[in-house]
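K.L.:
Model the full structure from these sequences, guided by the hints.
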Amino acid sequence: MTVHGWLAGTYWAKGLPRAVFDRSVDGSLCFVLRDDAGSVRGFARVVTDRATFAYLADVYVDEAVRGQGGATAIMNAVSAHPDLQGLRRWLLATRDAHGLYERYGFTPLTHPERLMQRHDPDVYRGARDKP
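Following the numbering used here, the numbering of the sequence shown begins with 45 at its first residue and continues without gaps.
It is worth saying that the hints were derived from the structure and are not from the lab. Quick reminder that beta carbons are idealized off the backbone N, C-alpha and C, glycines included. Only true hints are included.
Label pairs and their in silico Cβ distance ranges: (1) HIS163 - ALA63: 17 to 27 Å; (2) MET160 - PRO126: 29 to 39 Å; (3) GLY149 - LEU73: 13 to 23 Å; (4) MET160 - ALA108: 34 to 44 Å; (5) ASP79 - ARG158: 38 to 48 Å; (6) TYR168 - VAL76: 21 to 31 Å.
P.N.:
Below you can see the structure in the form of C-alpha cells.
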C-alpha cells in the first residue's frame, strides 16, 4: 500500500486524488517511517514557512504496525527537525489522537473563537486526477 492509498482511505482525506496528494507533498516537509526491511510503515507532513508557523497533517501509521511506537517515532522526528525549531505556532486537527499530540506540547485552542476555517469536506468527491 502506498502513502497515497492510505490517505485516500482516511476520514480526513477520503478520495484524495493522486495529483492533489503529489502537490501536497511537494509543498510540505515530509516524514516517512520505515521498518528494518525499508518498507514504508508511516507518514506525516508539515506545512510550514520554517520561521513562525507549522501545520501538522496526514499523520498515518500502517494498521499492520500500529501500537508499536510508530507514531511516537514520527513525532520524535518531526519535533527534532532543525527547520521546525523555534516556531511560534503549531496547529493540527485530530479526531482521536489527542493523547499522542499532548505529549508533544499540543493543547486545545486557547481562543477557538479567534480561528476560522473554510472547509469543503466533499472537495475530492468526483474530483479528477489533474494537476
